[in-house]
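Asks: Residues per chain, in single letters:
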Amino acid sequence: MDLSNKQNNNELFKIVDVEFQLRETKILSEINATINLSDITGIIGPSGAGKSTFLRLLNKLISPTNGNIYYKSQNTKEMSSQKIRKEIGFVQQRPYLFNGTVKYNLLYGPKLWNIEYSDEELVQLLQKVALEKNFLEKQVEGLSGGEQQRVSLARSLANKPSVLLLDEPTSSLDINSEEIIETSLKQLNQEGIKIIIVTHSLEQTERITDSLLFLREGKLIEKIPTEKFFSKYDNNEIRLFFKDTQSEDRK
Amino acid sequence: MTNIIDILNDIVFTLTDPNIWIRLALASILLVILIIFSLWQNTKLERKIIWSFFRGLIQIMLLGSILLLIFGIDELWLLYIILLFMCFFAAYTNWRSYPYPKIFRYNFIAILTSVMTIMTFALLSSLIPNFDGIIYQPTGSAGSSLGSFVIPVGSMVIFFAMRESGVALERLKSDLLKSKGEIEAALALGATPNRSIRGLLRDSFRASLVPTINRVAVLGIVTIPGLMSGMIIGGASPIEAAVYQIVVFMMLLTAAFFTSIVTNYLFTKQFFTSEDQINLEFYNIISMKKKEKKK
Chain A
1 MDLSNKQNNN ELFKIVDVEF QLRETKILSE INATINLSDI TGIIGPSGAG KSTFLRLLNK
61 LISPTNGNIY YKSQNTKEMS SQKIRKEIGF VQQRPYLFNG TVKYNLLYGP KLWNIEYSDE
121 ELVQLLQKVA LEKNFLEKQV EGLSGGEQQR VSLARSLANK PSVLLLDEPT SSLDINSEEI
181 IETSLKQLNQ EGIKIIIVTH SLEQTERITD SLLFLREGKL IEKIPTEKFF SKYDNNEIRL
241 FFKDTQSEDR K
Chain B
1 MTNIIDILND IVFTLTDPNI WIRLALASIL LVILIIFSLW QNTKLERKII WSFFRGLIQI
61 MLLGSILLLI FGIDELWLLY IILLFMCFFA AYTNWRSYPY PKIFRYNFIA ILTSVMTIMT
121 FALLSSLIPN FDGIIYQPTG SAGSSLGSFV IPVGSMVIFF AMRESGVALE RLKSDLLKSK
181 GEIEAALALG ATPNRSIRGL LRDSFRASLV PTINRVAVLG IVTIPGLMSG MIIGGASPIE
241 AAVYQIVVFM MLLTAAFFTS IVTNYLFTKQ FFTSEDQINL EFYNIISMKK KEKKK
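Residue numbers (the working numbering), protein chains in the order written: chain A, 1 to 251; chain B, 1 to 295.
One should not assume that every hint holds.
As the list claims (entries may be wrong) - Below, in silico cross-link-like pairs of lysine to any residue (SDA-like), each with a Cα-Cα straight-line distance of 25 angstroms or less:
hint	chain 1	residue 1	chain 2	residue 2
1	A	Lys-83	B	Asp-276
2	B	Lys-44	B	Ser-28
3	A	Lys-103	B	Arg-195
4	A	Lys-77	B	Phe-272
5	A	Lys-77	A	Val-16
6	A	Lys-111	B	Thr-273
7	A	Lys-138	B	Asp-203
8	A	Lys-72	A	Glu-19
9	A	Lys-232	A	Lys-103
10	B	Lys-178	A	Phe-98
11	A	Lys-228	A	Leu-240
12	A	Lys-219	A	Phe-98
13	A	Lys-83	B	Thr-273
14	B	Lys-178	A	Ser-52
15	B	Lys-178	A	Gly-100
16	A	Lys-160	B	Ser-28
17	B	Lys-180	A	Glu-87
To be verified - Here's a subset of chain B near chain A, in silico, CB distances under 10 angstroms, partners left out:
hint	residue
18	Asp-175
19	Leu-177
20	Lys-180
21	Glu-184
22	Ala-186
23	Leu-187
24	Ala-188
25	Gly-190
26	Ala-191
27	Glu-275
28	Gln-277
29	Ile-278
30	Asn-284
31	Ile-286
Quick caveat, the hints were computed from the structure, so don't treat them as lab data.
Since this is a predicted model, take the numbers as computed values, not measurements.
We put the CB at the ideal spot given by N, CA and C, even for glycine.
When you get a sec, could you build the whole thing from the sequences and use the hints?
Replies: See the structure below:
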């Protein structure tokens with residue numbers, strides 16, 4: 001394997017020979033890839049392909065059993081977990097909000113990092129996810145699923161990350177909420193935040209991603225611009241790739 | 001240990017006292033009534049009733065005598081060894097109820113440190129001039145020796161430390177399992193492991209302490225503690241007994257809280273990896289224990 005670091009300034013992540021194993025089960029193996037700076041990158045593949053696991057490797061929520069991950073040419077093994085996670089935000093599949101107000105949730109990260117926020121800035125943050133300012137003092141329990149997921153997105157943004165990882169953020173939302181979040185993501189990308197999103201929605205992939213990492217059975221099958229992907233495979237094949245047969249029993 | 005002989009003499013002397021036998025004989029009328037009830041209602045429990053009472057009588061006579069022997073001990077080192085032994089069994093009992101990795105070791109360390117510290121503090125307090133010490137020293141047949149107050153108080157402290165650290169641990173464990181998503185969210189925002197579970201730790205301590213704190217709050221109105229009743233029956237003044245009861249509760253709560261803190265912090269160390277991630281293998285282990293228990 002060629003490990004010589006050809007310095008590529010356009011490179012956000014470089015993943016070298018990565019393997020992830022939990023007990024005896026190999027979840028990911030032989031992953032080699034680069035993710036570029038400008039894109040909205042989609043991670044796709046059938047359920048059980050290791051998409052969520054792959055995503056969690058990028059901000060060190062888990063560590064690879066073997067191999068290395070470089071973030072902006074720096075080996076993540078040598079970076080502190082906290083620093084990486086501040087720099088690389090993460091939005092979970094379901095909005096796991098903390099009990100309390102929306103404001104409390106938004107300020108959780110900034111308080112850890114001593115980032116000052118005025119109420120005005122918090123309102124701006126809410127605007128990015130299309131929420132009104134009266135949401136600030138609302139208790140999170142009373143919000144709809146879509147609103148909660150938007151708060152969870154805003155909570156990640158409050159840390160002012162340069163990269164945002166999203167793990168099927170709209171999988172349990174209605175079409176309306178999905179649209180709002182996708183619009184926000186595109187807007188954020190234009191503002192310079194790099195986005196990597198796991199999705200099992202064919203339509204979402206088409207709508208927002210520029211390039212794709214296609215995983216199957218724990219292996220990276222290919223890295224391909226979204227346009228080419230849709231011309232390369234026929235519709236039936238593509239539907240098979242996105243088939244989400246076991247979303248219920250996935251861990 | 002000359003007083004062992006005294007105690008044995010005492011036991012033999014008591015056995016020759018006709019009073020206890022008359023008492024037993026008269027009470028046996030109740031046993032006969034019990035048997036009649038049993039026959040009448042066809043419960044088929046007659047043999048079991050007779051055997052249980054007979055066996056129970058012998059057991060508690062033996063236990064009482066052993067207790068008397070232990071209470072008669074005046075050697076401090078020996079008392080500490082007995083306490084150590086009791087701590088060991090307390091931790092073992094907790095581990096049987098909450099069989100999570102390393103819990104026996106961690107809980108033992110926690111109970112031992114808190115119990116030994118608090119008992120040593122109580123014993124040392126008697127060095128203050130013109131002061132009897134925090135622990136009340138009864139005067140009775142086995143009184144005045146160290147064992148007669150170190151062991152009963154020590155056993156209460158150990159029991160509370162065991163029970164409350166068990167409650168706190170179980171609460172924390174089930175909260176950790178329930179809140180995996182929230183913990184991950186906090187870690188993903190850059191929180192340290194301790195910070196990410198701060199609320200869960202707080203809840204676990206509250207769950208274990210609040211019942212006992214409530215019990216202190218209703219003392220004398222809802223509950224009449226056995227220790228205090230025993231002292232009053234034994235001839236102590238009510239005020240003395242009351243102060244002592246409160247002192248003992250302070251010792252119990254302090255030991256219980258400290259034991260819970262040590263146990264839970266050591267336990268949560270396993271829940272995270274050195275890189276501040278949720279330890280998935282450990283997570284799987286404790287969530288499997290939960291399922292086994294349900295079966």
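Asks: Hey, does the Ala-191 of chain B contact hint survive, CB to chain A under 10 angstroms?
Replies: Ala-191 of chain B check passes; min Cβ-Cβ to chain A is 6 angstroms, inside 10 angstroms.
Asks: Given a cut of 10 angstroms on the nearest C-beta pair, is the interface hint for Leu-187 of chain B held or broken against chain A?
Replies: Where the cut-off is 10 angstroms and the nearest Cβ of chain A is about 7 angstroms from Leu-187 of chain B, the hint holds.
Asks: Holds or violated: Lys-178 of chain B and Phe-98 of chain A, Cα atoms, limit 25 angstroms.
Replies: holds (13 angstroms)
Asks: With the threshold set at 25 angstroms, check whether the alpha-carbon distance from Lys-111 of chain A to Thr-273 of chain B stays at or below it.
Replies: OK: Lys-111 of chain A and Thr-273 of chain B at ~24 angstroms, within 25 angstroms.
Asks: Using Cβ atoms only, decide whether Gly-190 of chain B comes closer than 10 angstroms to chain A, and label the hint accordingly.
Replies: The hint holds - Gly-190 of chain B has a Cβ within 10 angstroms of chain A, the shortest such distance being about 4 angstroms.
Asks: Between Lys-178 of chain B and Gly-100 of chain A, does the CA-CA distance stay at or below 25 angstroms?
Replies: With a Cα-Cα distance of about 18 angstroms, the restraint between Lys-178 of chain B and Gly-100 of chain A holds, given a limit of 25 angstroms.
Asks: Verify the proposed pairing of Lys-180 of chain B with Glu-87 of chain A, using a straight-line Cα cut of 25 angstroms.
Replies: Holds, at roughly 22 angstroms.
Asks: Assess, step by step, whether the Cα of Lys-72 of chain A is no farther than 25 angstroms from the Cα of Glu-19 of chain A, and give holds or violated.
Replies: holds (20 angstroms)
Asks: Against chain A, is Glu-184 of chain B within 10 angstroms by beta-carbon distance?
Replies: holds (7 angstroms)
Asks: Please verify whether Lys-178 of chain B and Ser-52 of chain A have alpha carbons no more than 25 angstroms apart.
Replies: holds (20 angstroms)
Asks: Going by Cβ atoms only, is Ala-188 of chain B closer than 10 angstroms to chain A?
Replies: With a minimum Cβ separation of about 4 angstroms from chain A (threshold 10 angstroms), the hint on Ala-188 of chain B holds.
Asks: So, Asn-284 of chain B near chain A? Judge it on the closest CB pair being under 10 angstroms.
Replies: holds (8 angstroms)
Checked against the numbered hints given earlier, the structure breaks hints 9, 12, 16, 18, 19 and 31 and satisfies all the rest.
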